[in-house]
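Novice: Now for the letters of each chain:
Protein chains: 2
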Amino acid sequence: MPTLLILSRNAAEYRRHVEAARLPGLEILPPDHFSEAEIVFGEPNLICAALPQLTALQWAQSTWAGVEPLLNPDLRRDYQLTNARGVFGGLMSEYVFGYLLLHERKMLPRLAAQLRRTWDASPTGTLRGKTLGLLGVGSIGAELARTAKFFGMTVRGFTRLSETCPQVDQYFHGPDLLRFAAGLDYLVSVLPNTTATRQLVGANLLAALPASALFINVGRGSAVDESALIHALETEALAGAVLDVFAEEPLPVEHPFWQTKNLLLTFHTSAPSFPLEISKIFIENYARYVAGSALWYCVDFERGY
Amino acid sequence: MPTLLILSRNAAEYRRHVEAARLPGLEILPPDHFSEAEIVFGEPNLICAALPQLTALQWAQSTWAGVEPLLNPDLRRDYQLTNARGVFGGLMSEYVFGYLLLHERKMLPRLAAQLRRTWDASPTGTLRGKTLGLLGVGSIGAELARTAKFFGMTVRGFTRLSETCPQVDQYFHGPDLLRFAAGLDYLVSVLPNTTATRQLVGANLLAALPASALFINVGRGSAVDESALIHALETEALAGAVLDVFAEEPLPVEHPFWQTKNLLLTFHTSAPSFPLEISKIFIENYARYVAGSALWYCVDFERGY
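Chains A and B, in that order, give the protein sequences.
For the first sequence, this note's numbering gives the first residue as 1, with consecutive numbering after it.
For the second sequence, this note's numbering gives the first residue as 1, with consecutive numbering after it.
Bound conformation, chain A alone:
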């Protein structure tokens, strides 16, 4: 009989959703029964901490998209690791297009005008006709591309190899990074943390963007050269940036980002993991696990996603 250990800050809520599905043959273990667990479902940092005690582990289902804590090459890889996908695209779209609209429709300058009691009817911009460049086009990038098309935009995608999203108008790879960036109105990174993506958003890429461009990072902080970004913003070589992820989180209180010009910060909140949604992934994957089928959303430990 498969045994499940839930390792999450929201363990009670996950347990309730999993129990409600009445999964055939599944025994949900009490907390701390590490050595009996064949399956673990939870946050990668908690799974990582418990890994030495999880001696019977066959399969770990992450509640997050990012599984960096488990990718350390010094850790065991003798189990199947699956992550959460397909549920974050809609939330990420709300975040990214919300901030694109905040920028285009001049919401903060309008608020400043209100505080000055000034009728500021100067024109605002529009998303229609603009060009969005996506760094990374997995399931989240594909949803961003679909939303961009809804708003009448052109979409470029920069990927390692894949060219599978029909809403991307033009794909770029490897050496074409600066050609990809030239002329973009908006650059959005959804890149995971891998050796290939580290500091990809650096001085060269930022210099290739128009000075009117806006950069948004909802992927991982490691993809950005933070000093190069600060320099681009402070010298107005870039019109603005919105960051949800950082090299170090929580962002240290002395970090210059808190006061960098034309930079808006959020706090790794662009796409929260709602337990109900994430539980559905586990429940569907469990059916595949007991049937001996290939699991969905398997992580390649070497590739890193």
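Wrong hints could be hidden among the right ones.
The list treats identical chains as one, so a pair stands whether inside a single copy or across any two.
[Claimed, not checked] DSSO-like cross-link-like pairs, simulated, lysine-lysine; straight-line CA separation at most 30 Å:
| no. | residue 1 | residue 2 |
| --- | --- | --- |
| 1 | Lys149 | Lys130 |
| 2 | Lys280 | Lys106 |
| 3 | Lys130 | Lys106 |
| 4 | Lys261 | Lys130 |
| 5 | Lys261 | Lys280 |
Bear in mind the hints are in silico, worked out from the structure with no lab data behind them.
Since the structure of chain A is already known, use the hints to place chain B on it.
Specialist: Just chain B now, kept in the frame of chain A:
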């Protein structure tokens, strides 16, 4: 040979777009040749001021959606009046959904946290699953409904009679106004200024909304009882409002709206008339005019839109 007078703050730009279309048989008059003009293309307030001198007028094409200045019952109605439609829906969608996302994704509280150097990872809301109520479902309301569906929302429509938009899940009319309002997450007015819409958003309607609701007005200011709205916001009977239009514009500097709690103001800028887009409407309608076909977007002087 049809003669055209352009009456607009952007007359030079409109003239350039119309000339570029090389419309057969059209003579564009110099400014101030009022009495020779068979056709006028421009802003309703400028057309209204020139109306006594426009003795040869057969057709007036407005560059705006709203044509209130020409609806005064004391004015002549011996010409065809057409307005601009079909071009504002996309811009209005950007405005409305931009402000819905500003609200749901707590963009202003996040900015306040940044200014305090505080990592505020408290959860934000989402549009998905929310219910939007549209006061008025013409071409703009239909585009808002389409965008709401894209974001996974439920849509209610309140109209005089029409039930033509397939993206509206449920229609309400006349006496069902308060049933329409009950349980809405967002109420958006795109109502024109008519005798039937005046002060429709009053104390009763506002009291029927949940206290968590957000109200957005991109129609006309006359649809709102401004005192009732201020009272609802100040007593937190309503979570917030965003207004682009007002009973008096520009908003008087002493108006309480400038400092009303949880109220954001913009300045009749939700859907600017871009001359290139509006010129296309005139150019297409001109072909119908010379062919003797029914013009598009005819305004009914009695109904008011």
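Novice: Does each hint fit the structure? Answer for all of them.
Specialist: Each hint tested on the structure:
{"no.": "1", "hint": "Lys149 - Lys130", "result": "both (10 Å within a copy, 23 Å between copies)"}
{"no.": "2", "hint": "Lys280 - Lys106", "result": "between (39 Å within a copy, 27 Å between copies)"}
{"no.": "3", "hint": "Lys130 - Lys106", "result": "both (16 Å within a copy, 25 Å between copies)"}
{"no.": "4", "hint": "Lys261 - Lys130", "result": "within (24 Å within a copy, 35 Å between copies)"}
{"no.": "5", "hint": "Lys261 - Lys280", "result": "neither (41 Å within a copy, 40 Å between copies)"}
Checked against the numbered hints given earlier, the structure breaks only hint 5 and satisfies all the rest.
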